[in-house]
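Just so you know, the protein sequences line up as chains S and G, in that order.
Position one of the first sequence corresponds to residue 38 (my numbering), numbered consecutively onward.
Position one of the second sequence corresponds to residue 37 (my numbering), numbered consecutively onward.
Just to be clear, a hint being listed does not mean it is correct.
Short derived list, chain G residues pointing at chain S, Cβ under 10 Å [unchecked claim]:
no., residue
1, 162
2, 165
3, 166
4, 241
5, 262
6, 273
7, 294
8, 307
9, 315
10, 379
11, 385
Keep in mind the hints are simulated off the structure, nothing from the lab.
Built from N, CA and C at the ideal position, the CB exists for glycine as well.
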Amino acid sequence: MLTSRALCVPAADAVSLPAAASHAVDFEKEVRPIFEAKCVKCHGEEKQKGGFRVDLKRSVLTGGDNYAPNVLPGKSADSPLIRFVAGLDADMKMPSKGDPLTSEQIGILRAWIDQGAAWPETGGVVEKKHWSFQPLKRPEVPRIEGVAGNPIDLFILAKLAEKGLAPSPEADPRTLCRRLYFDVTGLPPTPEELEAFLAESSRDPQSAIRNLVDQLLASPRYGERWARHWLDVVRFAESDGFETNQPRPNAWPYRDYVIRAFNEDKPFDQFIREQLAGDAFGVDQATGFLVGGPNDRVKSPDPVLTAQQRADELHDIVGTTASAFLGLTVNCARCHNHKFDPIPQTDYYAIKACFAGVQHGERPMKTPDSEKRRLKAEALRPRLAELETALEQFTPLASTAPDAPRRLGLNFRRNSDRFAPVLAKKLRFTIEKTTGAEPCIDELEVWSAAPQPRNVALASAGTKLASSGDYPGDAKHQLAHLVDGKYGNDWSWISNTAGRGWVEIEFAHPENIERIVWGRDRESKYKDRLAIGYKVEISGEDGAWSMVAGSADRAAFNPDAQAGADWDSPALNAAQRAEAAKLDQERRAIVQELAVSMAEQTVYAGRFEKAPPTYRLSRGEPMQPREIIAPGGLSEFGGAWRLAPDAPEQERRLALAKWIASPENPLTARVIVNRLWHYHFGTGLVETPSDLGINGGRPSHPELLDWLASEFLARGWRIKELQRLILLSSTYRQASTLNPEAMRVDAGARLLWRFPPRRLEAEGLRDSILAASGGLDLRAGGPGFDLFETNTNYVKVYATKTRFSGDDFRRMVYQNKPRVELDTLFGAFDCPDAGQIAPRRTSSTTPLQALNLLNSEFLIDQAGAFAQRLQRDAGPDPASQVKRAFSLAFGRGPVPEETEAATRLIATHGLPVFCRALYNANEFLTVF
Amino acid sequence: MYQPDLSHAGRALLSRRDFLRWGGTGLGGIALATLLSEQRLLAGEPIRPVFDPARPYAPRPPHFEPKAKRVLMIFCSGALSHVDTFDYKPELIKRHDTPMPGTGLITFQGENGNLIKPLWEFRPRGQSGKMISDLLPNLAGMADDMCFIHSMTAKSNTHGPAENQMSTGFTLDGFPGIGSWATYALGSECADLPAFVAIPDPRGVPQVGSRHWSSAFLPAVFQGTPFNADKPIANLVRPASITEAAEGSTRDFLKLLNDRHLAEHPGDTDLAARIAAYELAAKMQLAAAEVSDFSHESQSTLDAYGASDSNKTKAGFARNCILARRLLERGVRFVQLFNGAYAMGEGVGNWDGHKTLKDQYDKHAPVLDQPAAALLKDLKQRGLLDDTLVVFVTEFGRMPTFQKGANGRDHNPKGFTCWLAGAGVKHGFSYGATDEFGYQAVEDVTSIYDLHATILHLLGLDHERLSFYNNGIERRLTDVHGHLLKPILA
C-alpha cells in the first residue's frame, strides 16, 4: 500500500516525465482509447480498484480513495494519474499489470490535462442513473384482458405471464386466517376467532376477509408486531454493547413510541421527522432512534481512543439513519468516496455534521403537561423561599458552647446556621466528616442581616473563592458552582478528598452577615456526600478567624429527616410554636407539590449539545482531520443544501429530517414500501431492504415498487393504507402450494406464483407458545421484562434465565433487549442481536433449536401449563383434549390417525408429554 | 431459472440471493449447485458454500488444498503481557527504571512511569534457543513447536473492541466470529457435534462474551456452541420429568405429525430440514455426552494436564483443555478455548494487569501454563498437530513501562505477540519484531487481518473470496484488508 508521502514531492521530477503532446487533443479519439486499452479493466464498470474508474467523468476528475483528485486540469505534472502512469512512484506504477504506457500515450494524456481535461458531455458513455436514484414517477398499471381490480395483482400477473407462469389459487380460508394473524399481529388466531372467521367466510368470503384485515390492522397487537420489525431495522437494544454492556433502563419509551406510531398509523414522514428531531415536536422519546445503537462506555484519558469512540458513535447514527430511511450504505463513505454509489466522502461528513451535537444519554421526557407543571413549580418557588426565611427566626442560634441545646439534625436538601450578626470579610466552611465519599455542597448562601437580607455569597456580588481541592474532571462539580445561584447536583462543588475539604468565600466588601444556608442537593435527587461534621468560621478586616457555627450542637444525623421538621423547641413560646407550625405546614405542602411537579420520566433518547465543528477525516482516521464540513444532505440525491458550519444543533437535525421526509426524495418512499413488502412476503421487491443502491439487489417488479411508492405518498404516507391494499390483493391471498413447473423457472417464488411459507421468528415463536398454553400476558407498554439473570458486575454478564414468572410472560417485544447477547433458547432462532442493523433476518435450521424446544425449562413449563389448560378447557376426556390441543396449536382438528396416536401418547405418558410434542411439530412453527 | 436484472457487481452473484433464501423459502439453495460451480471460474468473485439445509454441518470443499483441517484458537482474555512472556528485549532490561524516550505518552489509563524490565527471567529454550520467560515454563518447553509473530498490532486499546477485532475482524459489535466464518465455509468433519465450539474459562465468559462466537448476520446454524467441561451444552439433556420411554414415544408421535404435514407440502426442503435437525439433535445428545465423558482418559493423561490439581481454576481449565482435544479428535472444525474471563476486579478474572501485575500473573500463569502445554504436547503425540492449526492469541499487549503510581502495565495495541503451531506453519520460528523496548511493532508489522487471512489460508480458504452478502455489502472476515503471512508458512 502506498502512503501519501509519494505525493508530497510533485513537480520536482517533471523533467523525467515524457513531454506533453503539442497538438490540441481530442478526448474521444485520443484519450478515451488509452483509458480503454490500459485502465478500464481494473478501473471501469466491473472493478473500481482504489475507488477509481476511468469511464466516468465524475470519477476521473474527482474520484479515487487515496489520491483524489487524480487529475488536476492544467497541471499534468502534478496530477497523480500522470505520475502513476509514468512510473514515478516506485510503489504505484500503473497499469499494475501489463505493458506500461508509451511516452507518446503519456504525452497525449498530459496534453489533455494541460488543455483543461475536457470531457464532452455528448457522445461516449453518459452515466446512466441508477433506478432508485431517479425521481419517482407513477407507472401505468398494466392492462390485462378480462382482469380488473387491485393494481398490485395486475403488476404481478403481467410479470408472471411474461415468464409463462400463472398464480396459485386462493388459499383456503383457514390457512389464510392463520397467515393474516401471524403476519399482522404476530400471534395465532384463537380457535374461537378462527371459527368466527370461517363462519363469516362461508357466508361472504370477500367481506369476511375485508373485515378481518380491518380488525387486525386495528388491533393493538399489530403495533407490537410491526414495531419489532422497525426495531430490527434501527438496531434498537437496551444496553450499551461492548465490554461493559450495561443496561439502559430508560430506553423502553422509544420502543413504546414505535408501537404506538404503528398502531396510530402515524404518517411515515412525521415518524421520520420525530425520530430525528422529536425534541422539536414534543415527542422526546422518539429520538431514542438516534442513540439506539452501541456506545462504548469504557472511557480513557487517551485522546486517540476518545476520538475514536466519538467517531464510532456518530458513525453508528449516520449509518443507521441512511440505511433505515434512505436505503443507502452511506457508512461506506466514512473513509473514502463510496465505491458504488455517488456518495462522496464529504457527504458522509455533511450528514455526520447534522448529528455532531448528539450525545448518548438520558434526558427528561417532556409530556404534554410538563411545561404547565414547570411553570407551576416556578410559581411555587418564591413562596417557598419566603416561608423558609420566615421559619429561620424560629430556629435557635448556632452555638459553640459545649452545653448548648441541640439544634435540628441535618438533612440532604437544605440546612441553615443562624448566628448573631457579625461583620465579615471572609467566610470558611470546613468539612470534617461526611455520610460517605468526598463532600458535596450544592449551593452555599450567606445572608446579610436585616433590614434587607441579601445572599452576599453570590458570584454576581463579586465574591472570590478558594478551596482545599476540587473533584477532578467533572464539569458538573466545580468550585464556581458553589455560589452560582443554581440549584441541583449538576451545579455543585465536590471536594477532592474523601470525608474532608474546605471552601472559602471572600466578599467584595465587609458584610454584616447573620446566617448561612446550604445543602447537598437542593433538588432532593441525591442523598449522599452530606457534610455531617463541619464548622463555619469568619474573619473580619483584621484577618483573624473565629468560629460562628458548627455541627457540634446539632441533633444526631437521621438520613430520613426532612428539611425543617420540629418546632417543639423549648426555646419557643406557645404563640411562636403555633406560628412556626402554621408556616411549616404550608412549607411542607409546597415541597410536596413541587416534588409532584418536578417528577419526570427520563428517557434514553440522547442529549443535545452545542455541535462542535465537523471535519472530514482523512481515511476515516479520527486523528487526521481535514477541512471543516457543513451540515447537509447527499448532494447527488437532492441534498446539496448546506447549513452554516456553526448552525444551531436542532436546526441541523430538522433540516436533515425535512430533506429525508420529503416526497421529492427519490429513496424514502421506495425504501419503506419495499420494507412493508419484505415483511409481508418474506422477500422484498428489492431483496436488500436497507440497500437500494447500485450494489443492492435489483427490484423484481420495478414498476410495482414505484407504483406502491407513489400510491403511498398519495395516501398521505399512511402505512396501514398500503398494507390493506397488499393484504387484500389476490397475490397475498394465494395458496403456497409447490408447483414443480414453476419451481424450475423461479425456485424462490420471487415472482410470486405462490405465497412463500415461513418459519416463525423467535418472537412469534415465544408468543405463540405462550398463547397456546394460555399464559400469554397481553399487558402493553412500560418497562420490559428480563430474559436474563441480573448481576451487578461492572461488566454485565448475561446468563439466560430458566425460571419465569409474572411479567416474563408478556410478548417478547417487551423484553429488555440486551445488545449482542441472545438468550439460549430463542437466540438459536436467528434473533438479531442489535450489534448491527438487521433489515432482513436469516432463517436457519439447527439441531440446537430442536434441543431447546425439547428440553428447556421454559418449554417444559409451558407444556405443563398447556396441559393444565387442556384439562380446564376440555375436561378429562382425552379425545376432547386432543381436539382442543390441535385447534390451539395448529388451528385445525386432528384426523382420526392423529387422535388415535395422541390419545395413546397421553394415556402412556401424560398430557404434558403430548403438549411438548405439539410445540415441536413443524406445523406449530411454520406459516403457510 | 428466473434471473432478475442484476447490478454490475451482482451479475455473477445471483447465488447470493438464492443463498439468502435457502433457509427461508424452499429449494433455492439446492438449485444453485451448478451455477456455483460455474461461478468458481470467475477469479476474484466470492466463492459461496453450497448447503443442504438438512445437513448444514456436512463437510464442504475448501477453495484449495488446505494445510489444516481444523483450528484450535487459545484466547487469553484481558491482554497477556508480551514483554513478560515471549518478547525478549535486552534493552528493556538494561534501561530498567529509566524514562522511555518520547515524553508524555498517554495510554488507556493515563500517564506512564519508567520502563520496567520483565518481571520474570528470560532464558533460552529448546533447540531453537528461543528466549522465553519463566512465567510460563511448560509452554516455554514447547518453543520448538511454535511460530511466533512478535509484530502484532490491534486497532483498539480497550478490551471490548479489541476482543471483538481478534475474534470477528471488526472492532464494532455485530460481526460473525472467525469460527462462524470457518464453519460457514467448510462445515465440519464431525457429523454429530456442533461444528464450532467455544469453551469459556471456568471463571466465566470472556470480556465480550458471546460476541466471540456469535454468527451475527450469518445464519444462526453457524453460531458457536458454548460449553465447557463443567457446564454442558444448554438444554442438551432430556429433563428428568421426561422418561426415556416418553422420549421415544414423543419422537414417534412427532414423526407421525411431521410426515403427514410434509406430505401435504411435498418438496418443501425447510420442513425436511427441520425433521433432519431433530435427528441430528438426538445424535448430538449422545455424541456431546460422550465427548464430555473423561472416564476413559488415563490417569497419566489427566495428571499431565493438571486435571486433578488442588487449584480449582487450574483443574477446570485443564479439563477444558482435555475437552478441546477430544473435540478436535472427533473432527470439530473450530474450537475456541478461552483462558480468562470478564473483568471481576484487579487480579481475579483475567490477564489485565494494571496495578499489581506480578501478583496477578503469579496467580494466572499456573492456570494456563501446564494445561495448555499438555494440550499442545498431547495433540502432537496423537499426530493431531499434523492437520490441526493451533493459534494462541490475546487482544493486545502491554506497555514496557509501569503505569504512573502503579506496579502494572497499561494496554498496548501497538505491538504484541501471538503464536501458531501445527499444520502448515514453521516450527521454532519467529516473525516480525517490536522496537528495542517492546513498545511498538517495527519490523514486518502485522495486523489482525493478516493473521485471519493466514488462518483462513491454512484452512484452504481465500480470505478475499470467502464472503457473505449482507445488505448490499460483501462482508468478509478481513473487511477490505489482510495479507497472507507467507514467511511463516512451512
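### Query
Quick check: which numbered hints come out false for this structure?
Checked against the structure, the hints that fail are numbers 1, 2, 3, while the rest are satisfied.
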